[in-house]
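Q: Dock the two chains into a complex; use the hints.
Heads up: the protein sequence lines correspond to chains B and X, in order. Numbering-wise (the working numbering), the first sequence opens with residue 1 and increments by one. Numbering-wise (the working numbering), the second sequence opens with residue 1 and increments by one.
In case anyone wonders, no lab produced these hints; they're calculated from the structure. In this text, all values refer to a predicted model and were calculated from it rather than measured experimentally. Hints should not be assumed to be uniformly reliable.
One-sided and incomplete, this derived list gives chain B residues near chain X with beta-carbon spacing under 10 Å [to be verified]:
hint	residue
1	Gly8
2	Thr9
3	Ala10
4	Ala63
5	Thr80
6	Leu83
7	Tyr85
8	Arg123
9	Gly124
10	Asp126
11	Phe165
We put the beta carbon where it would ideally sit given N, CA and C, even for glycine.
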Amino acid sequence: MKEMKFYGTALPNIEVEPYSGKLVVIEGTDGVGRSTHVALLRTWLESAGYGVLDTGMTRSILAGRGIKNARAGHTLGRLTMQLYYAADFADRLENQMLPALRAGFVVLTDRYIYSAIARAVVRGADPEWIRGIYGIALVPDAVLYLRVRSAEELAGRVLASGRGFDYWESGMDLGLQNDYYDSFIAYQKLLLREFDRMSGEYGFSVIDASRPVRRVALTLRKSISRLVQEEPLMGPIAGEKETEKQDKAKSAAVPPLRLAVKSEARKE
Amino acid sequence: MISYGHHRYPGRLFVVEGTDGSGKSTQLSLLHQWLKAEGYPVFFSEWNSSPLVKDTTRRAKKRRLFTPTTFSLLHATDFADRTERDIVPPLKAGAIVLADRYIYTAFARDVARGCDRAWVREAYKFAVKPTVSFYFRAPLDVAIDRIASARPQLKFYEAGMDMGWADDEEESFKIFQGKILEEYDHMVSEFGLTVIDGNQPIRAQQRLMREIVGRHLKEKFKEKVVLAK
Chain B
1 MKEMKFYGTA LPNIEVEPYS GKLVVIEGTD GVGRSTHVAL LRTWLESAGY GVLDTGMTRS
61 ILAGRGIKNA RAGHTLGRLT MQLYYAADFA DRLENQMLPA LRAGFVVLTD RYIYSAIARA
121 VVRGADPEWI RGIYGIALVP DAVLYLRVRS AEELAGRVLA SGRGFDYWES GMDLGLQNDY
181 YDSFIAYQKL LLREFDRMSG EYGFSVIDAS RPVRRVALTL RKSISRLVQE EPLMGPIAGE
241 KETEKQDKAK SAAVPPLRLA VKSEARKE
Chain X
1 MISYGHHRYP GRLFVVEGTD GSGKSTQLSL LHQWLKAEGY PVFFSEWNSS PLVKDTTRRA
61 KKRRLFTPTT FSLLHATDFA DRTERDIVPP LKAGAIVLAD RYIYTAFARD VARGCDRAWV
121 REAYKFAVKP TVSFYFRAPL DVAIDRIASA RPQLKFYEAG MDMGWADDEE ESFKIFQGKI
181 LEEYDHMVSE FGLTVIDGNQ PIRAQQRLMR EIVGRHLKEK FKEKVVLAK
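Only chain X is shown next, with the shape it has when bound in the complex (with noise of 0.2 Å):
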């Protein structure tokens, strides 16, 4: 088992972080259209998404089976099946991966609801460390409104309604969403994640986060690349 920080392969991950209506799904989305027209080989991985882990979560948060050290496992499955599928064999392969929510994303989740941090840590020690994480910084209401608007009803354990801390959804998942806006900040520092402004407009955003994705594609490495494929 390789551990964090200690893989090597010759592809590059980059993956967006930040709460429900940060932006960074748009904004991952647009990076993707520009490394495709730009002829990379681009492979997109989203949270969330083993077809091994897929029935059973669905099935455990339609009956509310879950807790919170079984919700942060069965979390953690789901995404050693991405590493093991999604992840490492096109990094071997010279490819970019691109991933909607990382590890970051249950840490943050996790630990708001009341799991141990070193051992949420632990659990995803297999990660690989991405080239560059950006974490999407929207201030809370704004993140609210957002979602709001985007979703009339809030899932059950989207609103963190399986804690308790209020009996209102609404309360309970700025309750939940201030917490995990708290665990992220913290995360910063220790993962080396790399903030963009969620306020700005969209197209600066995109025009920093390509700038500093373009700093780790060479041209070489875009050429190797296309004569692999």
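Chain B extracted, bound-state conformation (with noise of 0.2 Å):
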């Protein structure tokens, strides 16, 4: 169990109360592979026995859809983006994120407050002022964050995935260059600048993403062990003694984690 801190002000009538489930954050740039380890580390802990949550940007139930209309209309002034992503942020807090983590679940979050607040930086907005808002987030167990070397090779990624360029990944809206893939390199390189410098404000764990992804997925399996298995798997069982308890634990059906990335490992 771990007592609920906040990076500001608590959230208003919410009980702050110890949990026992892990905030894992997967922080990182477009194009990263943000969302594949997420998927990778579900699947992962899922097989374990751990009840994990995903959520992400624009998912909420309040806002993912508004935030989804404004986007594809182009129309969204700066301002109104940061607040419309702290709105939809607050409401996953509330009624996904602190929920689950109270019933002792993994939540895995694809992005957290670090990549609205590096946007919004970099949009001009006051540091301190975007800082303040999102006060009302849980500071985290882990900030894992998914780093490359240079904007040049997230623009290959993202080609490579066959999505090709957005409009806003590209940061179009800022009018920084003509085209979109001078633009997404000049934007994403503001947006890296951003994240070293809020790496060691919020202490972030930097993951090297710039080797395979079985590889990436070793380095966060890792640290992700460490911390869910801080806690037993399984919850006390009256009468029963500490050696027991823990023996039990082991033995139950439920597989231990398992480090190796033995699919990928095959291919090889």
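A: Now the structure itself:
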């Protein structure tokens, strides 16, 4: 169990109580492979018997659709965009993440407040202002930051994925450059710089994401297994001795977390 | 990002604030008519009017999805859109902007709902400081009577039913409005709101308003605006 700790003022009307889950943040710029890794981690944790909730930006019931529509129209002003994302975040925090953490889930979140802060600051928002708004955020148990070496590498990945360049991912609203490629590079460079700046401030675990997927996956697994194995997988059973409890937890039908990334390894 | 109190625009911004039923909207529309008749370019902006956020707010109200925090942030989003679209550009162009409800509505409501005072103020830091903010103060029972006669049924969030203060809507509304009134009273000195006695006859209130607004509208300003137009 861990006490809830918030970056700033806690949410109103929220019971600040110890929780048994783990809040794991996967951060990184566009195209770095966050969603791939969240999916891999989810399967891995679930096969070992951990309850997993995964969430990410614009996935709130409250504001997700509204943000997507506004983005599609390319009509979002800068301040409006930052606050819309904050509303989306607050809804997911209150209605998805906190309940899951209280219930003992591992919450994997694809991006957290750091992406939102980086995007806002790059767009000229007052850094104190945006940090103040996100003061409602729970301090996560781990922030795993997938870092690539250059914006050019990200561009290659975006192309390889077959998606091509997106208006917002390329920061076209900023008017930095005239075409999508040049704008993407310029925008992602600014974001990478912001992430590096936040790394120390928020205690990111920096993971070199320029390596092959299975290597990155292995590093992520190591970090998370360290985190989740601090807590027994099964709740204590009354009347049992401490050692018996541990034995029971170990011999339970649920397999332990394995670090090796098997299917990937075989392919090589 | 330019913070509250630091914007320098040639236009003028006048806002009206107060609880529901305080008579502020009536007064603002009378002011609007007058300014138009005087030949000023006037732009009118209403609370909760952003086309980008409207559907989300409507759906959330209907399905009762709001918490105090998301209620606050979604209204801030709406206000940001209004600021970026309807308030800053006309002010830059030298027009007069009239706003029915402004950031003080959010400060009063959200804090009454339990949001942190400093946090809500920080969220709205990007707002343009009005030239004059009129606060229409009406006693609680008068305001409640006016609303009750205008609308037969109180809405869920309007009555503060999300807070569980009372089972009865009217009772909950009274508690909520009482808290809001208290917050407004705190803000009079904090933000230098101009208090208008909502018990005065409509014409007397309007005369006072026009007198105050007139002080900020020099003849020169009017000519310049008209020429620019």
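Q: Would you mind marking each hint as holding or not holding in the structure?
A: Verification of the supplied hints:
The interface hint given for B:Gly8 holds, since its Cβ lies 7 Å from the closest Cβ of chain X, which is under the 10 Å cut-off. Look at B:Thr9: its Cβ gets to within about 4 Å of chain X, closer than 10 Å, so that hint holds up. The interface hint given for B:Ala10 is met, as the beta carbon of that residue sits about 9 Å from the closest beta carbon of chain X, less than 10 Å. Given hint, B:Ala63 at the interface with chain X, holds; its Cβ is 6 Å from that chain's nearest Cβ, closer than 10 Å.
Nearest Cβ of chain X to the Cβ of B:Thr80: about 4 Å, under the 10 Å cut. The hint holds. At a threshold of 10 Å, the smallest CB-CB gap from B:Leu83 to chain X is about 4 Å, leaving the interface hint in force. With a least beta-carbon distance of about 9 Å to chain X, the hint placing B:Tyr85 at the interface is held under the 10 Å criterion. Taking 10 Å as the C-beta contact cut-off toward chain X, the hint placing B:Arg123 at the interface holds, the least distance being around 9 Å.
Taken as an interface hint, B:Gly124 checks out: its beta carbon lies about 6 Å from the nearest beta carbon of chain X, inside 10 Å. Interface hint at B:Asp126: satisfied, since its Cβ lies 5 Å from the closest Cβ of chain X, which is below the 10 Å cut-off. Annotation: B:Phe165 was flagged as interfacial toward chain X, and the flag is violated, the nearest CB pair being 24 Å apart, outside 10 Å.
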